[in-house]
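A.B. asks: Protein sequences appear in the order of chains F and S.
Using our numbering, the first residue of the first sequence is number 1, and each one after it goes up by one.
Using our numbering, the first residue of the second sequence is number 1, and each one after it goes up by one.
Hints were generated in silico from the structure; no laboratory data involved.
Built from N, CA and C at the ideal position, the CB exists for glycine as well.
Coverage of chain S stretches by chain F, computed from C-beta distances (three or more under 8 Å per stretch; other residues unrestricted):
1. 79-91
2. 152-161
3. 167-176
4. 193-204
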Amino acid sequence: MEGPMSGKRWWRPATGTLRETLRPQGDVRARNASAWLPHVTRLRSDMRRFEDDDEVDMVVVGCGAGGATFTQRLAHAGWRVVCLEAGPFWDPEHDWVSDEAGSRHLYWNEPRVIGGSHPVPLGANNSGRGVGGSMVHFAGYTPRFHPSDFRTRSQDGVGADWPIRYEQLRPYYERLERELPVAGQYWPWGDPHPHPHAPHPVGGNGEVMLEGCARLGIRARVGPVAIANGRFGNRPHCIYRGFCLQGCKVDAKASPLITHVPDAITHGAEIRDGAMATRVVMDAAGRRATGVAYVREGRERVQRARAVAVAGYSIETPRLLLNSAGPGHPHGLANGHDLVGRYVMVQGAPQTAGRFPDEIRMYKAPPPEVSSEEFYETDPAKPYRRGFSIQTVSPLPITWAEHVAAQGHWGADLRSRMRDYVHWATLGALCEFLPQPDNRVTLADETDRLGLPVARFDHSQCANDDMLMEAAQKVMEDILRAAGAGELMTIGRYAHLVGGCRMGRNPEEGVVDSDLRTFAVPNLFITDGSVLPTQGSANPALTIMALADRAADRLVHGRVPEAPARKAARR
Amino acid sequence: MTARRGRAEPSSAKKGPLSQIPTWDAATGGVVLARLGPRPPLSFFTPAEEAAAGPLLDLLLARRHDDPPIPVLPVIDARLAAREFEGWRFADMPEDDEAWRRSLAALDEETKVRHDGRTFGQVTHGDRHRLLRHIQDLGSHDWYGMPAGHVWTLWSRYACTAYYAHPYAWEEIGFGGPAYPRGYLRLGRGTREPWESPPAEEPATETDC
Numbered sequence: 001m002e003g004p005m006s007g008k009r010w011w012r013p014a015t016g017t018l019r020e021t022l023r024p025q026g027d028v029r030a031r032n033a034s035a036w037l038p039h040v041t042r043l044r045s046d047m048r049r050f051e052d053d054d055e056v057d058m059v060v061v062g063c064g065a066g067g068a069t070f071t072q073r074l075a076h077a078g079w080r081v082v083c084l085e086a087g088p089f090w091d092p093e094h095d096w097v098s099d100e101a102g103s104r105h106l107y108w109n110e111p112r113v114i115g116g117s118h119p120v121p122l123g124a125n126n127s128g129r130g131v132g133g134s135m136v137h138f139a140g141y142t143p144r145f146h147p148s149d150f151r152t153r154s155q156d157g158v159g160a161d162w163p164i165r166y167e168q169l170r171p172y173y174e175r176l177e178r179e180l181p182v183a184g185q186y187w188p189w190g191d192p193h194p195h196p197h198a199p200h201p202v203g204g205n206g207e208v209m210l211e212g213c214a215r216l217g218i219r220a221r222v223g224p225v226a227i228a229n230g231r232f233g234n235r236p237h238c239i240y241r242g243f244c245l246q247g248c249k250v251d252a253k254a255s256p257l258i259t260h261v262p263d264a265i266t267h268g269a270e271i272r273d274g275a276m277a278t279r280v281v282m283d284a285a286g287r288r289a290t291g292v293a294y295v296r297e298g299r300e301r302v303q304r305a306r307a308v309a310v311a312g313y314s315i316e317t318p319r320l321l322l323n324s325a326g327p328g329h330p331h332g333l334a335n336g337h338d339l340v341g342r343y344v345m346v347q348g349a350p351q352t353a354g355r356f357p358d359e360i361r362m363y364k365a366p367p368p369e370v371s372s373e374e375f376y377e378t379d380p381a382k383p384y385r386r387g388f389s390i391q392t393v394s395p396l397p398i399t400w401a402e403h404v405a406a407q408g409h410w411g412a413d414l415r416s417r418m419r420d421y422v423h424w425a426t427l428g429a430l431c432e433f434l435p436q437p438d439n440r441v442t443l444a445d446e447t448d449r450l451g452l453p454v455a456r457f458d459h460s461q462c463a464n465d466d467m468l469m470e471a472a473q474k475v476m477e478d479i480l481r482a483a484g485a486g487e488l489m490t491i492g493r494y495a496h497l498v499g500g501c502r503m504g505r506n507p508e509e510g511v512v513d514s515d516l517r518t519f520a521v522p523n524l525f526i527t528d529g530s531v532l533p534t535q536g537s538a539n540p541a542l543t544i545m546a547l548a549d550r551a552a553d554r555l556v557h558g559r560v561p562e563a564p565a566r567k568a569a570r571r
Numbered sequence: 001m002t003a004r005r006g007r008a009e010p011s012s013a014k015k016g017p018l019s020q021i022p023t024w025d026a027a028t029g030g031v032v033l034a035r036l037g038p039r040p041p042l043s044f045f046t047p048a049e050e051a052a053a054g055p056l057l058d059l060l061l062a063r064r065h066d067d068p069p070i071p072v073l074p075v076i077d078a079r080l081a082a083r084e085f086e087g088w089r090f091a092d093m094p095e096d097d098e099a100w101r102r103s104l105a106a107l108d109e110e111t112k113v114r115h116d117g118r119t120f121g122q123v124t125h126g127d128r129h130r131l132l133r134h135i136q137d138l139g140s141h142d143w144y145g146m147p148a149g150h151v152w153t154l155w156s157r158y159a160c161t162a163y164y165a166h167p168y169a170w171e172e173i174g175f176g177g178p179a180y181p182r183g184y185l186r187l188g189r190g191t192r193e194p195w196e197s198p199p200a201e202e203p204a205t206e207t208d209c
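Next comes chain F alone, as it looks inside the complex (with noise of 0.2 Å):
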């Protein structure tokens, strides 16, 4: 609740809000010049080419917030990297549209299938397809984790404890924040800390958020975004134009196209669009994985390569794995100990909407503009542990007929609701709903257009969940009305997937090490969010992307016992 700062650390926000955005950015730019460099869509005409049969050192599997973080990392220390995409390798301008119809090619649309009492809908609402991954689509949010996320098993007896701890992902934090950049409010929650850009200005949603917050003294904060405020190296600032699930037209809104690929690129990683992975290939023993099967304009290659990582989210992970089951790994890739696929993981995210007597209009700005984690962390005095983060959301009209849809709503009662539109302010929890094991990923019956057998993914909640759930629709609603709305409609839905192949101390613990090597294979990475082991109530993309920057960190720095030797780049 908010109060004075206690003590001597009231000056702690000031000062270390000015070090942080006076400090020179020399440091960022030698790390990873993307920002300054030309626009992706000129440098990719002079990209550099590898051949199937040239054994390069990594080859990647995904361009999204853990792959193309990873690309970039071993490229600029002279690996030779390919990194295959599946999706199209996007130009912004000609193929992003401020229109939310005709936005759905930024989505994985391949036949799922969902189960479970509590089945979770995938496509928009949690994947990605192209160069960018769903970083091109998500709303921006980009808080760390709390420190407790790294170990809820010993501390709240819920979940399961990482193999690392905060303090070692905390200078991966720091530095991709500065190369998003990240803007918003010094942080008071977790490790508090200062953020390299301002906030942003707020609409009407945030408005009324931070009214709301204020008249029930919970402490609600601006931010954190990872959208520029402010011009960044070339890159422009935010326009508010509210399209930030389309993908950003402007540039201002960092996605790994932007913010990673330009600089793999200048570093001679190349980035193989529309290439659709289907198995990785090991030797014929099963012990060495010797490169990534991939179909590309209909054929079938094989690209070689001394090391390989998959990056493609926790669905498509768990599903090339399964589908690389062959000698030595008969029920699929490094799954020994039946764990790839399981402990899949989605936040409970009820949305609560208010009317408002005044105009609020919440498609202008980002949507995600507010939020608080005064819930986050587990209260003693609760029935649940864990807890859950308030953020504002703002859907646009589509989504916001399938919100009022989804209350039963629908005839004259669906359009006169849908014309005072902009009446409605949304707000937006995310539950830190727990790993189970239960929760996975197998493959189904039928196959998709390439032949490959496609994935399942059940989910039901428990009853930690759904307590979860209802408190912070409880909380929403007072928000909402303390603000002053009359009316007041909640919706329950999902956000963000993780999990699926975990990391763990041991093989019987998890898929991968903290390296993010699977114990299996030593020559196999997994750099996605499939490798988290729990959720905490924060979005997850900072934190997949610290990961595999930590990843490569120890990697091209040999601290990865038994690594494949660095080759010295060829170029």
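Model the placement of chain S on the given structure of chain F, informed by the hints.
C.D. replies: What follows is chain S alone, placed relative to chain F:
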């Protein structure tokens, strides 16, 4: 634009999203303006399915004679013909195209049982309304081999996506539209850009079409 019919001459073109067409980027303009143009003939729905889907969509969206001309059925038909699904299906439902065919057949079947062999398109507005309410009330119960709730969300998702993608619908609800590369300057409660218009007035009570 010349006057079309009835009350809704959506674009006074002085305010609202359509007044901003010249400020849109080419890629966005191409996608959005295509919705104002002619549509190809139906290719997915059979005549019997079309006869059921038309009144179903009219009811779900409470279409009126004086509504702006927003195509819904042809848009859904084109989408299903192109197999533009959503990247997932419930394990207890067929793929979306098959689910539409089966649910429209079921709609006729259920109407025939209740109304002496007449199809959904042949009964009165009130009968259709009661039937839909009944299906909605079934919730997760089975309805002709599919959970009624999953059929209901299939219908309403496709209907809402088609209707609220149209610029005339944006004018109806007061949405500003693409705003790129222009962006928004006036953020905050109770503020409007000079070109933003308030939502359309609630129409007087009248029977739906």
